[in-house]
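2 protein chains.
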Amino acid sequence: MSDARTNPELATRLSIELPSWATSVLGGVGPLAGDDRRMALVLRLADAAATNTHGGPFAAAIFRADGGGLLSAGVNMVLASRAPVAHAEIVAIALAGTRLDTYDLAREGPIELVTSCEPCAMCMGSLPWAGITRLVIGARDGDARAVGFDEGDKRRDWAARLQARGIDVVRDVRRAEAAAILRRYAERGGLIYNGRTPAERAGA
Amino acid sequence: MSDARTNPELATRLSIELPSWATSVLGGVGPLAGDDRRMALVLRLADAAATNTHGGPFAAAIFRADGGGLLSAGVNMVLASRAPVAHAEIVAIALAGTRLDTYDLAREGPIELVTSCEPCAMCMGSLPWAGITRLVIGARDGDARAVGFDEGDKRRDWAARLQARGIDVVRDVRRAEAAAILRRYAERGGLIYNGRTPAERAGA
Numbered sequence: 001m002s003d004a005r006t007n008p009e010l011a012t013r014l015s016i017e018l019p020s021w022a023t024s025v026l027g028g029v030g031p032l033a034g035d036d037r038r039m040a041l042v043l044r045l046a047d048a049a050a051t052n053t054h055g056g057p058f059a060a061a062i063f064r065a066d067g068g069g070l071l072s073a074g075v076n077m078v079l080a081s082r083a084p085v086a087h088a089e090i091v092a093i094a095l096a097g098t099r100l101d102t103y104d105l106a107r108e109g110p111i112e113l114v115t116s117c118e119p120c121a122m123c124m125g126s127l128p129w130a131g132i133t134r135l136v137i138g139a140r141d142g143d144a145r146a147v148g149f150d151e152g153d154k155r156r157d158w159a160a161r162l163q164a165r166g167i168d169v170v171r172d173v174r175r176a177e178a179a180a181i182l183r184r185y186a187e188r189g190g191l192i193y194n195g196r197t198p199a200e201r202a203g204a
Numbered sequence: 205m206s207d208a209r210t211n212p213e214l215a216t217r218l219s220i221e222l223p224s225w226a227t228s229v230l231g232g233v234g235p236l237a238g239d240d241r242r243m244a245l246v247l248r249l250a251d252a253a254a255t256n257t258h259g260g261p262f263a264a265a266i267f268r269a270d271g272g273g274l275l276s277a278g279v280n281m282v283l284a285s286r287a288p289v290a291h292a293e294i295v296a297i298a299l300a301g302t303r304l305d306t307y308d309l310a311r312e313g314p315i316e317l318v319t320s321c322e323p324c325a326m327c328m329g330s331l332p333w334a335g336i337t338r339l340v341i342g343a344r345d346g347d348a349r350a351v352g353f354d355e356g357d358k359r360r361d362w363a364a365r366l367q368a369r370g371i372d373v374v375r376d377v378r379r380a381e382a383a384a385i386l387r388r389y390a391e392r393g394g395l396i397y398n399g400r401t402p403a404e405r406a407g408a
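Top to bottom, those sequences are chains R and U.
As numbered in my numbering, residues 1 to 204 make up the first sequence, in order.
As numbered in my numbering, residues 205 to 408 make up the second sequence, in order.
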């Protein structure tokens with residue numbers, strides 16, 4: 001355990017950077033009106049994520065509700081960043097804070113999160129902290145589970161609970177296209193990583 | 205909306221660094237056997253967090269189950285990092301990945317998360333993805349809510365769901381001390397930030 005005794009070896013800095021294949025998709029994107037156009041951009045990002053090796057085939061973006069300006073975007077960076085929490089939604093939320101220079105993302109007005117797939121239990125739990133006022137979803141939870149991704153243990157009434165917090169939920173926006181991205185990723189043999197149970201670890 | 209048209213202004217890099225008041229607590233810490241000693245370290249971090257202005261009075265650390273070596277630690281960095289997702293547990297998990305150079309934190313053996321307060325809904329959802337096999341908690345959910353912190357919409361059966369995934373849960377370790385840190389923070393007028401509802405935003 002010498003590694004634990006020598007604390008200079010403890011990591012103290014976390015750095016996550018959007019890859020160039022993601023920023024190139026975002027280049028020159030102006031304000032986008034309507035869920036369909038916003039989701040189309042997010043699915044271009046998810047499709048790019050599916051053909052790269054930074055993480056799973058998931059993407060998300062945050063827009064200003066008023067005017068449709070793009071505030072931030074994220075892709076799943078779990079593999080590249082070695083952070084199992086670096087899901088697309090988490091990355092997008094964190095980068096919006098950097099962009100606005102505040103943790104209070106809705107300070108300048110309402111903001112909307114558009115995500116290629118229904119958020120996992122962790123990402124769902126992050127929405128109230130981020131000041132999101134509207135959640136727009138592409139693929140369903142079952143679409144992700146169908147190709148092997150664990151989505152975690154969500155409340156059955158998660159949508160109602162978000163609504164009670166003033167977060168509107170819109171589903172199935174370009175769902176067929178979003179689900180097809182997940183299927184193509186799996187069919188190409190993309191890595192489906194999940195938290196492993198102790199039994200799985202023992203058998204690994 | 206000129207800011208949204210000029211995408212060079214989009215943030216593409218997220219960087220979070222543990223402050224010196226946190227790393228100084230961690231300096232020279234060797235393997236720690238037993239929940240009580242591990243929680244004592246985490247509460248020293250939480251107490252330091254309560255007297256600084258980087259975020260809420262919360263701390264967490266990840267230990268190797270075998271030997272008790274410290275793998276990583278985190279404090280709430282929401283204010284300093286402008287990332288509303290930078291809770292202590294999320295920071296500790298991400299830094300463990302950096303330390304081990306893999307998203308699969310349990311690859312070298314079982315790991316345990318020790319946290320000063322019961323995780324919020326987001327952090328609870330992150331545990332399966334991080335490969336945590338044991339969760340050790342100080343203050344209860346109600347202790348955080350009592351001073352005004354929103355803990356999110358958790359499942360009532362969250363502990364059973366974690367157990368079903370092979371994640372053991374231990375509660376009330378140094379709870380009185382952990383809860384006292386939260387109360388002192390509130391009594392000193394520490395900022396209690398939560399996601400704001402649209403009504404609260406309108407009235408702000």
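Hint data in this document are derived by calculation from the structure and do not stem from the laboratory.
Treat the hints loosely; a few may be bogus.
Examples of chain R residues lying across from chain U (beta carbon under 10 Å, computed) [said to hold, decoys possible]:
1. TRP21
2. LEU100
3. MET124
4. ALA130
5. GLY152
6. GLY189
Computed from a predicted model, the values in this text were never measured in an experiment.
In this text, a Cβ means the ideal position worked out from N, Cα and C, and glycines have one as well.
Verification of the supplied hints:
1. Hint status for TRP21/R: violated, given a least beta-carbon distance of 12 Å to chain U, over 10 Å.
2. A least Cβ separation of about 7 Å between LEU100/R and chain U falls short of the 10 Å threshold, and the interface hint therefore holds.
3. Because the beta carbon of MET124/R sits about 7 Å from the nearest beta carbon in chain U, less than 10 Å, this interface hint is met.
4. Taken as an interface hint, ALA130/R checks out: its beta carbon lies about 5 Å from the nearest beta carbon of chain U, inside 10 Å.
5. Taking 10 Å as the C-beta contact cut-off toward chain U, the hint placing GLY152/R at the interface holds, the least distance being around 5 Å.
6. Given hint, GLY189/R at the interface with chain U, is violated; its Cβ is 18 Å from that chain's nearest Cβ, farther than 10 Å.
Comparing the model with each numbered hint stated earlier shows that hints 1 and 6 do not hold.
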